[in-house]
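Student: Next come the chains, spelled out residue by residue.
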Amino acid sequence: MLWNAFLLALREIRRNVMRSFLTILGVVIGVAAVIVMVTLGSGATAQVTEQISSLGSNLLMVMPGQRRHGPGGSSASAEPFDLDDVMAIAGEIGSVAAAAPSSFQSVMAIYGNENWATSVTGTDNQYLTVRNWSIENGRQFTVSELRSGKAVCILGTTVQKELFGGQNPLGATIRLEKLSCQVIGILKSKGQTTMGTDQDDRVLIPLRTFQRRIAGNQDVGRIHVSAREGTSTEKVLKDIELLMRERRHISPTEENDFTVMDMQEIAATLTGTTKILTALLGTVAGVSLLVGGIGIMNIMLVSVTERTREIGIRLAIGALEREVLMQFLVEAVVLSSFGGLFGIVLALTASVGLAGILQIPFIFNPGIVVIAFLFSAGVGVVFGYFPAQKAARLDPIDALRHE
Amino acid sequence: MNTDVSDTTADVTARPLIELKDVTKVYGQGHAAMQALRGVDLRIEEGDFVAVMGPSGSGKSTCMNILGCLDTPTAGSYLFKGVEVGKLSRSQRALLRRHYLGFVFQGYNLLNRTSALENVELPLIYRGTPTAERHGRARKALEAVGLKGWEGHTPGELSGGQQQRVAIARAIVTEPAVLLADEPTGNLDSARSREIMELLCTFNRDQGITIVMVTHESEMAAYAKRIVQFMDGLVKTDEQKGEVA
Chain A
81 MLWNAFLLAL REIRRNVMRS FLTILGVVIG VAAVIVMVTL GSGATAQVTE
131 QISSLGSNLL MVMPGQRRHG PGGSSASAEP FDLDDVMAIA GEIGSVAAAA
181 PSSFQSVMAI YGNENWATSV TGTDNQYLTV RNWSIENGRQ FTVSELRSGK
231 AVCILGTTVQ KELFGGQNPL GATIRLEKLS CQVIGILKSK GQTTMGTDQD
281 DRVLIPLRTF QRRIAGNQDV GRIHVSAREG TSTEKVLKDI ELLMRERRHI
331 SPTEENDFTV MDMQEIAATL TGTTKILTAL LGTVAGVSLL VGGIGIMNIM
381 LVSVTERTRE IGIRLAIGAL EREVLMQFLV EAVVLSSFGG LFGIVLALTA
431 SVGLAGILQI PFIFNPGIVV IAFLFSAGVG VVFGYFPAQK AARLDPIDAL
481 RHE
Chain L
35 MNTDVSDTTA DVTARPLIEL KDVTKVYGQG HAAMQALRGV DLRIEEGDFV
85 AVMGPSGSGK STCMNILGCL DTPTAGSYLF KGVEVGKLSR SQRALLRRHY
135 LGFVFQGYNL LNRTSALENV ELPLIYRGTP TAERHGRARK ALEAVGLKGW
185 EGHTPGELSG GQQQRVAIAR AIVTEPAVLL ADEPTGNLDS ARSREIMELL
235 CTFNRDQGIT IVMVTHESEM AAYAKRIVQF MDGLVKTDEQ KGEVA
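Chains A and L, in that order, give the protein sequences. Going from the first sequence to our numbering is simple: count from 1 and add 80. Going from the second sequence to our numbering is simple: count from 1 and add 34.
These are computed hints drawn from the structure, not numbers from a lab.
Derived DEER-like restraints, expressed as beta-carbon distance ranges:
1. L:G194 <-> A:T363: 54 to 62 Å
2. L:D56 <-> A:I374: 46 to 54 Å
3. L:E118 <-> A:T363: 54 to 62 Å
4. A:L381 <-> L:G194: 29 to 37 Å
5. L:H250 <-> A:L454: 53 to 61 Å
6. L:H169 <-> A:T363: 50 to 58 Å
7. L:E79 <-> A:V461: 44 to 52 Å
8. L:L268 <-> A:L105: 53 to 61 Å
9. A:L421 <-> L:G186: 29 to 37 Å
10. L:P164 <-> A:L357: 51 to 59 Å
11. A:L421 <-> L:P89: 52 to 60 Å
12. L:G91 <-> A:D478: 16 to 24 Å
13. A:I374 <-> L:Q63: 34 to 42 Å
14. A:F86 <-> L:H250: 41 to 49 Å
Being a predicted model, the structure only gives us computed values, none of them experimental. Glycine included, every Cβ here is placed at the ideal spot set by N, Cα and C.
With these hints in hand, go ahead and build the complete structure from the sequences.
Tutor: Quick look at the structure:
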């Protein structure tokens with residue numbers, strides 16, 4: 081019975097290829113939209129996770145000022161850190177693997193006739209470890225360069241490209257504002273972040289050089305801390321807070337005038353956000369699938385009216401109500417399942433293409449493909465039921481008389 | 035459900051195949067009510083060939099719908115093989131049609147864009163006949179109506195006379211107890227009509243299929259063994275032709 085209904089449905093679809101195609105177009109687009117959204121979403125989530133782990137493992141960041149939500153943030157008034165704070169964190173907390181100071185400022189970098197607006201970061205070699213940077217070419221700072229505040233610099237690939245083009249920059253002297261410094265190394269490229277900032281657009285110089293020649297003070301803007309492998313970053317975060325409260329003489333009733341951020345937490349927040357966005361887009365796409373279902377119902381109703389006489393014949397010959405119901409229901413489900421299949425093919429093709437254009441990894445998610453297909457078949461059942469019922473309840477006498 | 039029907043018939047073979055007792059049918063309600071049948075009594079024995087005649091509005095179509103179990107009487111009783119059809123549910127009546135009745139309509143009522151063979155197979159599909167047997171029986175039925183070689187043609191490719199033959203093949207392929215024909219020659223010229231009538235006579239004579247046929251034309255009614263005249267919702271005359279003449 082079901083097999084017969086299936087064959088009948090196939091024949092009916094073949095009879096009206098064009099109309100059937102237009103009918104399922106809504107479901108095709110709906111299914112495709114859901115799958116594309118979810119596939120690209122999981123790709124983006126994976127990328128965010130990967131990029132954040134590229135910032136450095138077990139990374140914490142200490143900044144002066146309390147990050148308040150809303151207006152009234154007081155970061156400007158908070159006392160900055162100095163190099164002793166960095167030493168204290170590195171030396172006094174056991175589970176800290178490394179602590180690196182960094183201060184940065186926007187500058188104009190000039191070489192010959194080329195100039196490029198970039199940012200200069202005063203720091204030390206620990207920074208490279210903590211932030212997962214490696215040297216592509218040349219070398220890192222020497223201890224004496226760091227101690228005496230020599231005018232040497234390491235370039236990010238973007239700055240290198242803008243200033244030197246194809247030339248070898250090692251040993252050349254560039255100008256950062258009033259400071260002339262010698263290029264000693266090139267950082268390995270990290271590319272863009274998910275937010276679109278170019279991580280390679282930077283120049284590193286020794287912290288002391290930065291303090292003396294660019295900032296003109298002894299401040300340290302931020303402290304990057306990496307926790308030892310296997311220790312909980314939460315514990316390290318607490319320890320840093322305690323240490324800094326003590327060093328900054330904050331009484332127990334006062335709030336922190338600094339912030340410690342756990343990058344893992346940020347990573348979790350960011351992936352959470354992308355996941356919510358994915359779910360949201362998927363839901364919107366799901367609504368279009370629903371609209372596609374209404375399209376199927378519409379055409380099935382038209383089809384029932386058109387085939388009233390046929391239904392009359394079947395009923396007169398002895399078809400049971402439920403057999404006619406089944407026939408039309410199966411037809412609707414077969415239609416919408418075809419829509420689902422086309423949608424899946426379309427979606428996978430589009431996802432591969434779009435992932436390439438957006439530079440997001442293509443992650444095949446079999447779960448969503450199966451769900452989308454079942455959902456499209458379900459749409460057929462739900463929206464095919466009403467027309468099928470209408471067909472089954474026809475009075476054979478009236479139906480046979482229908483023109 | 036259909037077993038109910040045959041079970042009850044087992045011990046009442048003495049009864050006529052069809053028995054209408056004081057059947058009335060009213061359409062609409064209140065002032066708009068229209069009495070299509072006003073108390074029809076009719077008995078049809080197995081193997082009979084009845085022509086039902088009468089002007090339009092006389093109730094003959096209503097009577098046919100009731101005989102075909104497509105409709106139920108408002109009052110009175112319709113016994114089909116001793117079973118009270120008025121008490122059957124919609125699906126029980128569908129099963130009764132499936133197993134005992136065959137229909138031929140004025141407008142042929144074949145499925146469009148469907149081959150003659152598939153049209154004839156249709157009632158067998160609902161009976162659940164296995165595919166191979168279905169093909170065989172449908173081919174045989176088409177051969178019996180003189181359409182051997184036309185199996186693959188769709189109604190659109192057949193003449194009116196041929197379409198009606200397909201319809202007859204569809205009605206007799208299940209070897210029904212009763213064949214109900216509603217003006218089977220209404221759309222055909224007289225030569226084609228005579229061919230159709232001869233076909234019906236053959237099935238009545240050779241296979242013993244009981245036939246009830248509505249017709250306007252007395253020429254067609256002359257093929258029947260018995261002519262029932264309807265007038266204003268009642269049976270006016272009921273002539274047994276027989277071999278008396």
